[in-house]
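Using the sequences provided together with the hints, build the complete structure.
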Amino acid sequence: MKKIDRMQVEAELRKFAGGPAFIHSEATSYVFVRNFKVEVTDAFIAGEGNGPYRAALRFDGHGWLRMESLTHYEIDDQGRLLLAGFDDRGRMDVALHLGKEPFPE
Amino acid sequence: MNNMNRNTARKLLAVFAHPDDETFICGGTLAKYAAEGADITLVSATRGEMGRRMGNPPYLNRETIAAAREHELREACDCLGIRELIFLDIRDKTVEFTDEESLTARIEDLIRDINPDAVLTFHERLGGHPDHCAIGKATKAAFSRAGRKDGLYYISFGDMMAVPERFGYTRSDIVKINVSEHLEAKLAAFRAHRCQSEIDEWVWLPDAEALARFGMHEYFIKTELAAPLVNDDDLFQSEDSGAVFAFES
Numbered sequence: 001m002k003k004i005d006r007m008q009v010e011a012e013l014r015k016f017a018g019g020p021a022f023i024h025s026e027a028t029s030y031v032f033v034r035n036f037k038v039e040v041t042d043a044f045i046a047g048e049g050n051g052p053y054r055a056a057l058r059f060d061g062h063g064w065l066r067m068e069s070l071t072h073y074e075i076d077d078q079g080r081l082l083l084a085g086f087d088d089r090g091r092m093d094v095a096l097h098l099g100k101e102p103f104p105e
Numbered sequence: 001m002n003n004m005n006r007n008t009a010r011k012l013l014a015v016f017a018h019p020d021d022e023t024f025i026c027g028g029t030l031a032k033y034a035a036e037g038a039d040i041t042l043v044s045a046t047r048g049e050m051g052r053r054m055g056n057p058p059y060l061n062r063e064t065i066a067a068a069r070e071h072e073l074r075e076a077c078d079c080l081g082i083r084e085l086i087f088l089d090i091r092d093k094t095v096e097f098t099d100e101e102s103l104t105a106r107i108e109d110l111i112r113d114i115n116p117d118a119v120l121t122f123h124e125r126l127g128g129h130p131d132h133c134a135i136g137k138a139t140k141a142a143f144s145r146a147g148r149k150d151g152l153y154y155i156s157f158g159d160m161m162a163v164p165e166r167f168g169y170t171r172s173d174i175v176k177i178n179v180s181e182h183l184e185a186k187l188a189a190f191r192a193h194r195c196q197s198e199i200d201e202w203v204w205l206p207d208a209e210a211l212a213r214f215g216m217h218e219y220f221i222k223t224e225l226a227a228p229l230v231n232d233d234d235l236f237q238s239e240d241s242g243a244v245f246a247f248e249s
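Protein chains in written order, with UniProt numbering: chain A, 1 to 105; chain B, 1 to 249.
The set of hints was computed from the structure by calculation and includes no laboratory data.
Please read these numbers as outputs of a predicted model, since none were measured by experiment.
Built from N, CA and C at the ideal position, the CB exists for glycine as well.
A portion of the hints provided could be inaccurate.
[What the hints assert, rightly or not] To be clear about the criterion: a stretch of chain A counts as covered by chain B if any three or more of its residues have a C-beta under 8 Å from a C-beta of chain B, and this derived list gives those stretches:
hint : region
1    : 24 to 31
2    : 69 to 83
3    : 86 to 96
Following this line, the structure appears as structure tokens:
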């Protein structure tokens, strides 16, 4: 994964706005949600300088998903947007993935 | 492998939850028995795909980690001498929520098919992680359902069972395996699990320094229903179980 470039990730997030998406979301030590399907209405990323960054999705006309501590991203070979937050020793703290198809169960 | 070898080899089945359990907890013992010719089958309930460690610096993400950990486990199995690896394809962190009946039945089938001389799994209370406790509970039930009484052992962490009384056990419940001759294999397997071990600097020190971090012994707990131990330094209680098979062949 690469360090988040805010402009780049913002452009990638916007590609998911206005349509259905499958979401994988986790706060690694506490919770994960895999494959909830939502209609993304808006997608945001915020944060200063070199991050870490915050991301948020508005979905289904009445929903929010907000996450912080994001540091890295990748567009994988299936066109999925993978965002993650790692600590300074490479351990994952959070992850937020968006895809047009379900993630493997 | 010819029939003679297959028939004479003692068989060991290890039923664990995540790639690296076999190495980090009892890698020395598995390497020792493999070196002595035992046929070892490792079952991993999950691919450890929900872990926090992704390399240091991270080289994996949540979607690539499952394949990478499978690959690293296969390499660790080569280091230890484990020839058979079976995944139960359960998602990491969800073993305790998997249907217990079908999980137990799958493990029972494996025990009946393999007919191992010894089975290793996690203690259902002292396992230290919900996945560990769940796979241990299912394996214990499967062992019993397969009509087996002797030969099931719970693995334990480090030297916690050097003083078993702290956990309600006595020395007569504990098998203590000397692994001092097999620490190189254990270290190689640690390094094979790169995405998990990279964060631990000592693993990557020069071999002599890294090897010095390992204990000389690994400890196993006899299950409640098993007969009193004949040997407290060997998981195979019947010295000649292999020889009996050889004689029959």
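Q | Those earlier numbered hints the structure runs against, lowest number first | A | Hints that this structure does not satisfy do not exist here, as all of them hold.
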